[in-house]
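Participant: What follows is each chain in one-letter form.
Number of protein chains: 2
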Amino acid sequence: MDIRNYLSEKRERIDSFLASYFDVPLAPAVLGDAMSYSLLAGGKRLRPILALASHEACGGDAESIVPYAASLEFIHTYSLIHDDLPAMDNDDLRRGRPTNHKVFGDAMAILAGDALLTEAFYLLSNSHRSARITPSVRLKVAREIAMASGAHGMVGGQAEDLLSENAPQDIDSLSFIHTHKTGALITASVRIGGLLAGARKKELRSLTHYGEKIGLAFQIIDDILDIQGDTKELGKQTGSDERKKKMTYPGLYGIETSSRKAQGLVDDALFALRAFGDEADPLREIARYIIRRRN
Amino acid sequence: MDIRNYLSEKRERIDSFLASYFDVPLAPAVLGDAMSYSLLAGGKRLRPILALASHEACGGDAESIVPYAASLEFIHTYSLIHDDLPAMDNDDLRRGRPTNHKVFGDAMAILAGDALLTEAFYLLSNSHRSARITPSVRLKVAREIAMASGAHGMVGGQAEDLLSENAPQDIDSLSFIHTHKTGALITASVRIGGLLAGARKKELRSLTHYGEKIGLAFQIIDDILDIQGDTKELGKQTGSDERKKKMTYPGLYGIETSSRKAQGLVDDALFALRAFGDEADPLREIARYIIRRRN
Numbered sequence: 001m002d003i004r005n006y007l008s009e010k011r012e013r014i015d016s017f018l019a020s021y022f023d024v025p026l027a028p029a030v031l032g033d034a035m036s037y038s039l040l041a042g043g044k045r046l047r048p049i050l051a052l053a054s055h056e057a058c059g060g061d062a063e064s065i066v067p068y069a070a071s072l073e074f075i076h077t078y079s080l081i082h083d084d085l086p087a088m089d090n091d092d093l094r095r096g097r098p099t100n101h102k103v104f105g106d107a108m109a110i111l112a113g114d115a116l117l118t119e120a121f122y123l124l125s126n127s128h129r130s131a132r133i134t135p136s137v138r139l140k141v142a143r144e145i146a147m148a149s150g151a152h153g154m155v156g157g158q159a160e161d162l163l164s165e166n167a168p169q170d171i172d173s174l175s176f177i178h179t180h181k182t183g184a185l186i187t188a189s190v191r192i193g194g195l196l197a198g199a200r201k202k203e204l205r206s207l208t209h210y211g212e213k214i215g216l217a218f219q220i221i222d223d224i225l226d227i228q229g230d231t232k233e234l235g236k237q238t239g240s241d242e243r244k245k246k247m248t249y250p251g252l253y254g255i256e257t258s259s260r261k262a263q264g265l266v267d268d269a270l271f272a273l274r275a276f277g278d279e280a281d282p283l284r285e286i287a288r289y290i291i292r293r294r295n
Numbered sequence: 001m002d003i004r005n006y007l008s009e010k011r012e013r014i015d016s017f018l019a020s021y022f023d024v025p026l027a028p029a030v031l032g033d034a035m036s037y038s039l040l041a042g043g044k045r046l047r048p049i050l051a052l053a054s055h056e057a058c059g060g061d062a063e064s065i066v067p068y069a070a071s072l073e074f075i076h077t078y079s080l081i082h083d084d085l086p087a088m089d090n091d092d093l094r095r096g097r098p099t100n101h102k103v104f105g106d107a108m109a110i111l112a113g114d115a116l117l118t119e120a121f122y123l124l125s126n127s128h129r130s131a132r133i134t135p136s137v138r139l140k141v142a143r144e145i146a147m148a149s150g151a152h153g154m155v156g157g158q159a160e161d162l163l164s165e166n167a168p169q170d171i172d173s174l175s176f177i178h179t180h181k182t183g184a185l186i187t188a189s190v191r192i193g194g195l196l197a198g199a200r201k202k203e204l205r206s207l208t209h210y211g212e213k214i215g216l217a218f219q220i221i222d223d224i225l226d227i228q229g230d231t232k233e234l235g236k237q238t239g240s241d242e243r244k245k246k247m248t249y250p251g252l253y254g255i256e257t258s259s260r261k262a263q264g265l266v267d268d269a270l271f272a273l274r275a276f277g278d279e280a281d282p283l284r285e286i287a288r289y290i291i292r293r294r295n
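Each protein sequence line maps, in turn, to chains Y and U. The opening residue of the first sequence carries number 1 in the numbering used here; numbering runs sequentially from there. The opening residue of the second sequence carries number 1 in the numbering used here; numbering runs sequentially from there.
The set of hints was computed from the structure by calculation and includes no laboratory data. Possibly wrong hints are sitting among the right ones.
When chains are identical, the list treats them as one kind, so a pair holds in a single copy or across two.
Calculated lysine to any residue pairs in the SDA-like style (CA-CA distance at most 25 angstroms, straight line) [as the list claims (entries may be wrong)]:
#	residue 1	residue 2
1	Lys-244	Val-30
2	Lys-140	Phe-17
3	Lys-102	Ala-29
4	Lys-246	Asp-33
5	Lys-102	Met-88
6	Lys-245	Ile-171
7	Lys-201	Pro-67
8	Lys-232	Arg-294
9	Lys-140	Ser-64
10	Lys-244	Ser-258
11	Lys-232	Asp-15
12	Lys-102	Asp-89
13	Lys-246	Ala-27
Kindly produce the complete structure, drawing on both the sequences and the hints.
Facilitator: Here's what the structure looks like:
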């Protein structure tokens, strides 16, 4: 299969859904502008695509879960806006453009993030049901995403990350940050694709392992790209981890060992999918793509 | 009925539920500390109590919806933390104590708010079902709260409020701010109490009217207290609207006219409940209490 085609086709589907959110005008208009500025800035849409691919791997029809998948991008985007704030990472560049607060000011950026987070749960509780996607499954999906993105997941990871700046390096803390700050939502993305397809426990367990492994591989490659990558290709300033004295895998173990670790994690992820048939090929190719990517 | 007893009994029930959220330790601990610092700071718990009272007015058992009611306080508290930030209203005092960012720093305060908002939806999607509270009703409740607190509700109101500072006074904008920034979540609080009791359309319509009227009355009294109230009793700095040149009802119409307006709104709210029996007495007393209150 051609993973590039697959990724761009799914990305376009997600992009068009995200754009349609703004069909209903928002008041005040500038709040809508601030939300769409970041939401429609053309990210990779990795989390939604993982949900769609995982849904297909379990025999589901990707089209039927687009709103659920898109909600993950609302959450991811809110987290980027808040992380970039001067009070947090103080970043000026994101996805090749000035960060949200640089354009709209800190206050509106905070509100745009708050709104995107809230709208994610509106989407999750409002999305159409089907014979397979019962209200009970939809609640389970909302719960899964809330758990992965809240205090016990992403926000917890971000808080630990904040505390670790300029602090003595500690491998347990690094691992906590990775599994929570990025890992939890990536794993949840994979899992909800399965949940919405009515996956059995054993399948969900495999998907969970797959998600955990690629989540960590993704983060390690992110940290390597922060050292070796190209600011223009990445769309954000490189070298920021070193400037902020952030602890990272390549910082602790060097680039070569870290690359090997990422490759090993992808192998583990592929192994976790061994019981799945061809329907899981997109998931397999995404795992391989994650360590090949340049941005 | 003795409304003071009623309010303190319900407040204690909500407080004990909120405290129990922290039975599971959070990591990093300081994130949990920042969340509990504001969540357990002893607010009036008006929104949860409205949900409980409205549930009882429709024949429901308040105890069965405590987690749903408590989720409203998670959302209200997150909004206070973010509103108090230096980038927003820059307030130093809240509920008689230094604001969250004064104690934990801006970054942790942003994260504590994000976490509280997310956990609200975790609560809503995780709360126990019963014969009456089906998954479908629970989704409806989550949707209602998301709509009232997101871009089309509270966050939209806060964004408009931000834009209105130092801007020419405009009654349409003032009305938009009131109905969105505080009104939407108060109305939703009343409505979900009804929804969770299986209220019929006509009852819900009455509850909606009641909520809209007391929401506006509440805001007008808030603005009057900001002028006339006592900092110690209020637990926050008075005179802040004037300092920030915020448009308010008493600022536009004077205190006497505004008080009369608030009284008229409470009368309207009581009229909206005319078809309800004694079970709605707590709702009625709360409406009266709202204009009598000193904090």
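Participant: Is it within, between, both or neither when you check Lys-102 against Asp-89 at 25 angstroms Cα-Cα?
Facilitator: both (13 angstroms within a copy, 19 angstroms between copies)
Participant: Please work out whether the CA atoms of Lys-140 and Phe-17 approach to 25 angstroms or closer within one copy, between two copies, in both situations, or in neither?
Facilitator: both (23 angstroms within a copy, 22 angstroms between copies)
Participant: Treating 25 angstroms as the Cα threshold, decide for Lys-246 and Asp-33: within, between, both or neither.
Facilitator: Classified as between; 24 angstroms across copies, 32 angstroms inside a copy.
Participant: My question is about Lys-232 and Arg-294: at a cut-off of 25 angstroms on alpha-carbon distance, are they close within one copy, between copies, both, or neither?
Facilitator: within (11 angstroms within a copy, 57 angstroms between copies)
Participant: What label fits Lys-244 with Val-30 when the C-alpha limit is 25 angstroms: within, between, both, or neither?
Facilitator: between (32 angstroms within a copy, 21 angstroms between copies)
Participant: Check Lys-244 against Ser-258 for me: Cα-Cα at most 25 angstroms, and say if that holds within a copy, between copies, both or neither.
Facilitator: within (20 angstroms within a copy, 52 angstroms between copies)
Participant: For the identical chains here, do Lys-102 and Met-88 meet the 25 angstroms Cα criterion within one copy, between copies, both, or neither?
Facilitator: both (14 angstroms within a copy, 15 angstroms between copies)
Participant: Could you place Lys-102 and Ala-29 in one of the four classes (within, between, both, neither) given a Cα distance threshold of 25 angstroms?
Facilitator: within (18 angstroms within a copy, 31 angstroms between copies)
Participant: Under a CA distance limit of 25 angstroms, which applies to Lys-245 and Ile-171: within one copy, between copies, both, or neither?
Facilitator: The answer is within: 15 angstroms in one copy meets 25 angstroms, while 50 angstroms across copies does not.
Participant: Tell me, please, which holds for Lys-246 and Ala-27 at an alpha-carbon limit of 25 angstroms: within, between, both or neither?
Facilitator: between (39 angstroms within a copy, 19 angstroms between copies)
Participant: Is it within, between, both or neither when you check Lys-140 against Ser-64 at 25 angstroms Cα-Cα?
Facilitator: Close inside one copy (17 angstroms) and across copies (20 angstroms); limit 25 angstroms.
Participant: With 25 angstroms as the alpha-carbon cut-off, assign the pair Lys-232 and Asp-15 to within, between, both or neither.
Facilitator: within (22 angstroms within a copy, 51 angstroms between copies)
Violation of the numbered hints given earlier is absent; every hint is satisfied by the structure.
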